[in-house]
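Asker: Take a look at the letters that make up each chain.
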Amino acid sequence: MNIEWYVVLSSLLFAVGAMGILLRRSPIVILLCLELMLNAGNLALVAFSKMVGNQQGQVFAIVVMVVAACEVVVGLGLIVAIFRRKLPLDVDSLRELRG
Amino acid sequence: MEAVLFFGAALGALGGAVGVVALRNPFYGVLALIVHLFSLAVLFLLLTAAFVAAAQVVVYAGAVMVLYVFVVAYVGGSEEPELDPIPGQRFLAPLMGAALFVELSIAILGSSLLAFETHGADVNPGFGDPAGIGKLLLERFLLPFEASSILLLLAAVGAIVLAGRRSEATVDDAPVSASPGRLSPGVPGEADTGASTGAAA
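If you read the protein sequences in the order shown, they are chains A and B.
For the first sequence, the positions run 1 to 99 when my numbering is used.
For the second sequence, the positions run 1 to 201 when my numbering is used.
Careful: at least some of the hints might be erroneous.
From the structure, some residues in chain B lie toward chain A, with a derived Cβ separation under 8 Å [to be verified]: (1) V20; (2) L33; (3) V35; (4) F38; (5) F44; (6) Y60; (7) G62; (8) V71; (9) V75; (10) F101; (11) A159.
Some, not all, of what chain B presents toward chain A, calculated at C-beta under 8 Å [what the hints assert, rightly or not]: (12) H36; (13) G97; (14) S105; (15) A121; (16) V123; (17) L136; (18) L138.
Please keep in mind that the hints were generated in silico from the structure rather than gathered at the bench.
Each residue gets a CB set at the ideal place from its N, CA and C atoms; glycine is no exception.
Here chain A stands alone, though its shape is the one from the complex (with noise of 0.2 Å):
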């Protein structure tokens, strides 16, 4: 298969990860919309690495996936804080940062 192929692939990840923290309002669910654009961003640098025959794109893609598990367990963290608090787990209602 050409590289074409993963790369357009992976940018058609990364938008149905978009589109799906526009469209949910669940922290939960957003976190894993995360972790889809944070995949097809490592499949990128996957196809990108095996095109020029180099491994410091895997690398890469190894410290992105350790940047994932942070993020992972510090958002998780802030869901279970947020429902210790009997505050509802919607985006849309905590809104008290809002300008």
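Add chain B to chain A, keeping to what the hints say.
Answerer: Coordinates of chain B only, in the frame set by chain A:
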């Protein structure tokens, strides 16, 4: 053979992604994301990235998704209310997503990189195996490697601070664990939460 594998995995990845966006119950969304991650691991294998594919399955589809399942089970897989607070959100969001895809596709296909039309560089059989990636990580990228380990530690500490039992005391404006009576039942639970979050990370 390669084309069959590619289209199968691409369909799985796309179906999983659409499932995450479309399914109303977050628990099914997590399961759809697991399908998506496994399909991506197949794509990584097709791109001769064996170590990244293994890390994807073990770290992502294993550890991170278990963390998600635990949190969804804890907060309860509540379904979203149907009403739309933002008028037209249901139409605008897919429109924006389609616009983003068109824009990215124009950027990719218009870049006229000749290497796009090829199968990629011819690589030796050891390309992307753990030995090569580990050598790169520990020699050329040693500083980013250490920085990411510090980032993981900070994330684990941050999760304990955010989700720890102590936050309830601050909500109630109670004296923060000064009295021994508050301290003794609170501490074991706090330690449990921290240990499980850190281990899953």
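Asker: For every hint, state whether the structure bears it out.
Answerer: These are the hints, each one checked on the structure:
Checking B:V20 against chain A: minimum C-beta separation of about 5 Å stays under 8 Å; hint holds. Because the closest C-beta pair between B:L33 and chain A is about 5 Å apart, less than 8 Å, the hint holds. A distance limit of 8 Å between C-beta atoms decides the matter here; for B:V35 the minimum to chain A is near 12 Å, and the interface restraint is violated. For B:F38, the interface hint is violated, the least distance from its beta-carbon to any beta-carbon of chain A being 11 Å, above 8 Å.
Hint on B:F44 holds. Least Cβ distance to chain A is approximately 6 Å, under the 8 Å limit. Interface hint at B:Y60: satisfied, since its Cβ lies 7 Å from the closest Cβ of chain A, which is below the 8 Å cut-off. Checking B:G62 against chain A: minimum C-beta separation of about 11 Å lies over 8 Å; hint violated. For B:V71, the shortest C-beta to C-beta distance to chain A is roughly 5 Å, which falls under 8 Å, so the interface hint holds.
Annotation: B:V75 was flagged as interfacial toward chain A, and the flag holds, the nearest CB pair being 5 Å apart, inside 8 Å. Given hint, B:F101 at the interface with chain A, holds; its Cβ is 4 Å from that chain's nearest Cβ, closer than 8 Å. Because the closest C-beta pair between B:A159 and chain A is about 4 Å apart, less than 8 Å, the hint holds. With 8 Å as the threshold, the beta carbon of B:H36 comes within range of chain A, its nearest partner Cβ sitting at about 7 Å, so the hint holds.
A distance limit of 8 Å between C-beta atoms decides the matter here; for B:G97 the minimum to chain A is near 3 Å, and the interface restraint holds. Among the interface hints, the one on B:S105 holds; its C-beta lies about 6 Å from the nearest C-beta in chain A, closer than the 8 Å criterion. The closest approach between the C-beta of B:A121 and any C-beta of chain A is roughly 3 Å, which is under the 8 Å cut-off, so the hint is satisfied. Against a cut-off of 8 Å between C-beta atoms, the interface hint on B:V123 holds, since the closest Cβ of chain A lies about 5 Å away.
At a threshold of 8 Å, the smallest CB-CB gap from B:L136 to chain A is about 5 Å, leaving the interface hint in force. With its C-beta approaching chain A no nearer than about 11 Å, B:L138 sits outside the 8 Å limit, and its interface hint is violated.
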